[in-house]
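Chemist: Residues per chain are reported as follows:
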Amino acid sequence: MNNPCSGCPGSISCLPTEEEPTENQSIADSYTVAFAGQPNVGKSTLFNALTGVRQFVANYPGATVEKRSGIAMVSGVPLTIVDLPGTYSLTSYSLEEKVAVDFLLKQPIDLIVQVADASNLIRSLYLTFQLLELERPILMALTMTDVARARGMEVDVEKLSIELGIKIIATVANRGKGLQELKRTMIDSCAKPTKKPGFSLDYGPILEPVIQKTTEELATVDISPSIPLRWMAIKIWEDDPDLDRFIHSSQQKRRIHAQR
Amino acid sequence: MELEKVKPGMRCRIVSIDPSGMAGKRLLDFGFIPGAHVEIVRNAPLADPIEVVLHQTLVSLRHEEAKKIMVEVIE
Amino acid sequence: MPKDNLSPHPSKIVEDIRKNSEMDIQDSQLTIAQARYHQAQLIVDRCVREIKPGQRTITDRLDAVLCNRIAGPIFLLFTLFLVYELAIVQGYRLSGLLTPLMSQVQTGFLSFLPAEGFIQDPVITSFFSWVFQGVFSVLVYIPIFVILFLIIAVMEDSGYMARVAFILDRVFRPFGLHGQSALPLILSGLYIGGCAVPGVMATRTIKDKHARLATILIIPLMNCMAKIPFFTLMVGLFFPGSMGLMMFLISTITIFLGLSISSMLSKTILRKVERAPFIMELPPYHIPSVKNVMTRVIERTWGFIKKVVTIVAVVMAVLFFLLNYPALGTSEEMMIDSRVTEALNDFYQAAGLDNPYLLLIRTPDQIASYLSYVNRHRSSIQDRTLDFLSPVHQDFFRENPSFYLIANGGTIRLSSQNRDQLWISIQEANNIYQSLSPQDQASGLLKTMIEPSVFYLIGRSLVATHEGLMDPQALQVSQAIRQIQTQRRMIRYDRNEEILMGSFLGSVGKWVEPITKWAGFDWRINVGLISAFAAKENVVATLGVLYRDMDDGIDATPLHGAAMILFMILYPPCLATIVTIAAQIGWKWAVLATVYPIVIGFLIAGLVFSLGTLLGFTGVTMFLVVYAGIATLTIFAAISRKRLPKP
Numbered sequence: 001m002n003n004p005c006s007g008c009p010g011s012i013s014c015l016p017t018e019e020e021p022t023e024n025q026s027i028a029d030s031y032t033v034a035f036a037g038q039p040n041v042g043k044s045t046l047f048n049a050l051t052g053v054r055q056f057v058a059n060y061p062g063a064t065v066e067k068r069s070g071i072a073m074v075s076g077v078p079l080t081i082v083d084l085p086g087t088y089s090l091t092s093y094s095l096e097e098k099v100a101v102d103f104l105l106k107q108p109i110d111l112i113v114q115v116a117d118a119s120n121l122i123r124s125l126y127l128t129f130q131l132l133e134l135e136r137p138i139l140m141a142l143t144m145t146d147v148a149r150a151r152g153m154e155v156d157v158e159k160l161s162i163e164l165g166i167k168i169i170a171t172v173a174n175r176g177k178g179l180q181e182l183k184r185t186m187i188d189s190c191a192k193p194t195k196k197p198g199f200s201l202d203y204g205p206i207l208e209p210v211i212q213k214t215t216e217e218l219a220t221v222d223i224s225p226s227i228p229l230r231w232m233a234i235k236i237w238e239d240d241p242d243l244d245r246f247i248h249s250s251q252q253k254r255r256i257h258a259q260r
Numbered sequence: 001m002e003l004e005k006v007k008p009g010m011r012c013r014i015v016s017i018d019p020s021g022m023a024g025k026r027l028l029d030f031g032f033i034p035g036a037h038v039e040i041v042r043n044a045p046l047a048d049p050i051e052v053v054l055h056q057t058l059v060s061l062r063h064e065e066a067k068k069i070m071v072e073v074i075e
Numbered sequence: 001m002p003k004d005n006l007s008p009h010p011s012k013i014v015e016d017i018r019k020n021s022e023m024d025i026q027d028s029q030l031t032i033a034q035a036r037y038h039q040a041q042l043i044v045d046r047c048v049r050e051i052k053p054g055q056r057t058i059t060d061r062l063d064a065v066l067c068n069r070i071a072g073p074i075f076l077l078f079t080l081f082l083v084y085e086l087a088i089v090q091g092y093r094l095s096g097l098l099t100p101l102m103s104q105v106q107t108g109f110l111s112f113l114p115a116e117g118f119i120q121d122p123v124i125t126s127f128f129s130w131v132f133q134g135v136f137s138v139l140v141y142i143p144i145f146v147i148l149f150l151i152i153a154v155m156e157d158s159g160y161m162a163r164v165a166f167i168l169d170r171v172f173r174p175f176g177l178h179g180q181s182a183l184p185l186i187l188s189g190l191y192i193g194g195c196a197v198p199g200v201m202a203t204r205t206i207k208d209k210h211a212r213l214a215t216i217l218i219i220p221l222m223n224c225m226a227k228i229p230f231f232t233l234m235v236g237l238f239f240p241g242s243m244g245l246m247m248f249l250i251s252t253i254t255i256f257l258g259l260s261i262s263s264m265l266s267k268t269i270l271r272k273v274e275r276a277p278f279i280m281e282l283p284p285y286h287i288p289s290v291k292n293v294m295t296r297v298i299e300r301t302w303g304f305i306k307k308v309v310t311i312v313a314v315v316m317a318v319l320f321f322l323l324n325y326p327a328l329g330t331s332e333e334m335m336i337d338s339r340v341t342e343a344l345n346d347f348y349q350a351a352g353l354d355n356p357y358l359l360l361i362r363t364p365d366q367i368a369s370y371l372s373y374v375n376r377h378r379s380s381i382q383d384r385t386l387d388f389l390s391p392v393h394q395d396f397f398r399e400n401p402s403f404y405l406i407a408n409g410g411t412i413r414l415s416s417q418n419r420d421q422l423w424i425s426i427q428e429a430n431n432i433y434q435s436l437s438p439q440d441q442a443s444g445l446l447k448t449m450i451e452p453s454v455f456y457l458i459g460r461s462l463v464a465t466h467e468g469l470m471d472p473q474a475l476q477v478s479q480a481i482r483q484i485q486t487q488r489r490m491i492r493y494d495r496n497e498e499i500l501m502g503s504f505l506g507s508v509g510k511w512v513e514p515i516t517k518w519a520g521f522d523w524r525i526n527v528g529l530i531s532a533f534a535a536k537e538n539v540v541a542t543l544g545v546l547y548r549d550m551d552d553g554i555d556a557t558p559l560h561g562a563a564m565i566l567f568m569i570l571y572p573p574c575l576a577t578i579v580t581i582a583a584q585i586g587w588k589w590a591v592l593a594t595v596y597p598i599v600i601g602f603l604i605a606g607l608v609f610s611l612g613t614l615l616g617f618t619g620v621t622m623f624l625v626v627y628a629g630i631a632t633l634t635i636f637a638a639i640s641r642k643r644l645p646k647p
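Protein chains in written order, with the numbering used here: chain H, 1 to 260; chain Z, 1 to 75; chain W, 1 to 647.
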């Protein structure tokens, strides 16, 4: 329990040494966290608050969208945070969405953090459901709680957490509230990844059977293993224009039969 | 009637929407779905685009995009 | 990839699934969106409590003014003007403060290189000096950027940027542009002089790819600030009677050019690039976070510096090669040498063949060394408030006493009291010297016994004047030097001219002359224009070229002037811009952005010159014809927007 790094403001050159056994779980050398969220929710502010000057900006390969990543030191462990471009949804209609989805599905990520706007929860939840369908470890950072309050809205964070089945941390980024808690929760979630969250959105009695069938059909197609079939099925029915990139051009295992 | 014909200050409820094309998809993302309540705030100084409130968000869209949304006026 | 039935093409799989189901894809899209929002509403109803319903927020109150029918556009115009004023005008002023500093750095660096020669400079020196020039002319933009990035970041963060797009969209959309195109175009010089480099950088805020490309592609057409001196000169030269009119036409033609060309590009080259829907959130206003803003500003400025500087340095290096090689042949160099010998002989005559100073300032290298001495100390020589006893003058004197005397017209400036004192000291020192034994005289013992300034004045034939002490022989040399300086300049100029003529680029200039002469451009103008590309300073060099032509008796008519002005309006501004464009959207687009204005510019200039000559119209008339033509095109473009690709 005696962590010599507690109280240290953090330094990029400081990494945990072998002599520091940490608790009874094995903490890896570093973790990767992806920050997702809609535009204008304060994602960048939160990102900046956590990573400070330890940021890098590059371009995603083959795109002019900026890739912003930084390092936050939490209890001596460096957390690589990637600030994905703000997206309203996860269908590949725009370059930002494509880049975000590619990153979330193809890169090894330990945790997704959705930054959501408390004063505008309905729209953020639209994205939350899609992120949940990615079946990756995820938690939510709820920002602008002060703005919500000023507008006369009070969010019951615990209740929301139960409804969605994920951990939620309330923050006010520019005042530094909730940052420590967020950091701790992030590292805990990375170190002890839970089974994928139980929440699953029911798309209604007409569409659900179709999604089911499509999921089964997809099981015979050679798709990258990291891609959840149900997610793919839903995207097919959302008319996502660029799903080809997830399908390998090698042989499929069985023919897809016509249903009619 | 079409959303684009509603006057500023009026509130309405969406009856149907044409989800085709990229514009349609964007509209769905923002929540322009049947049953949603929309309030028209204003037209831009040059008449186009229009500004509405939807799910507590201020959204602006062009008249040609608003044509895809059919609404009925509430008050 | 095998095409048998067992492994259909990937896109067919998804297509098949969609086709083989009874579900209509539009229905499913709608259902999915509805299900999500429905569920979201349920959750929100359960977890969010409204304490005080129906709040009118600050955002609403601000928007009531800022998006107002009347106040909105006024405030917007004010903002655009403010951005321009702060970023370009003040930024330029700050750049002006930076320039002397950078000159000092440049001089400092150059001092490590071999010194300038009399006629020829060592290749290393001219190479590095040339490359530095280019790089510095780019670095000079930094204050402009920092201010610009700051303002943009504040506008974005506060939420006002969305309102700008909201208000202006209607104006720009028919031409394939976007509400947010306003700022970049104004910065690049839409209605007055601007700078294309920050303009291109400002396009980063435009998310719609089509509009972004269109905006960047028409930026080269805007009024680059560096072109303005050229325009004022041309107008003063060729259209002295209609200065006001011409300047107005020149400034405003860019608006029509930009809009009409953007419209054309939209329908042709950009046709395939899809346009994003306009549906956009107007975020609530909030006070920008200092951290966010500063992070972005630093990031963007640094990114620019790294990318642009390296590329500019490389291109300048290449240009150096193209402008200076193949070098002069031996016979040409020999001709130059004989001119130099002639100039030197004149110099010796003028100075007086027995002038002792000639021992120190005889060879071309020595003369060059003297000239560089003068250059370094120019400001203190010109400062009349300083006299011989001031520390700065003392330093210069000790560095090279003879050079000092020549540079100051042979005079040591002193008050009469100090003069007399010094005179006495010199006499005394002379006496001491005479009194020493021959060995001591030779050993330099005297130097240790008297003051250095006195020591260096012994043995000169000094005369007392009302200014101080004067050495007439130094004065004579000083006058002779002025003469050879002029000759040096001329020989250098001619030599550079010859190098240019024989260089690769010069050959190119001559090669395209048969074509460009339709626009009234001869090979010299061609080369001038090509190198004006690298650094805007070279636009002035082009002027120098033009002047020489006129001295040689080639008449340039107002028609020439009109053709040149129109060409210049369309001429892409500078290397830094091209590099910035490449950094933003890639080299292919950057090349297009460079080439098409030149082509169009050339066509228009050619039209004006050839047609004008044929029909006997004046320069002003042809200009008006072009102006009217482009304005009409713009109006057509605005009306026929039906043919624009829809999102």
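There's no promise every hint is true.
Stated by the list, open to error - To be clear about the criterion: a stretch of chain H counts as covered by chain W if any three or more of its residues have a C-beta under 8 Å from a C-beta of chain W, and this derived list gives those stretches:
{"id": "1", "segment": "112-125"}
{"id": "2", "segment": "159-169"}
{"id": "3", "segment": "182-193"}
{"id": "4", "segment": "208-216"}
Bear in mind the hints are in silico, worked out from the structure with no lab data behind them. Don't be surprised by glycine CBs; every beta carbon is placed ideally from N, CA and C.
Chemist: Hint by hint, note whether the structure agrees.
Modeler: Each hint tested on the structure:
no. : hint    : in the structure
1   : 112-125 : holds (count 5)
2   : 159-169 : holds (count 4)
3   : 182-193 : violated (count 0)
4   : 208-216 : holds (count 3)
The structure does not agree with numbered hint 3 stated previously, though it agrees with all others.
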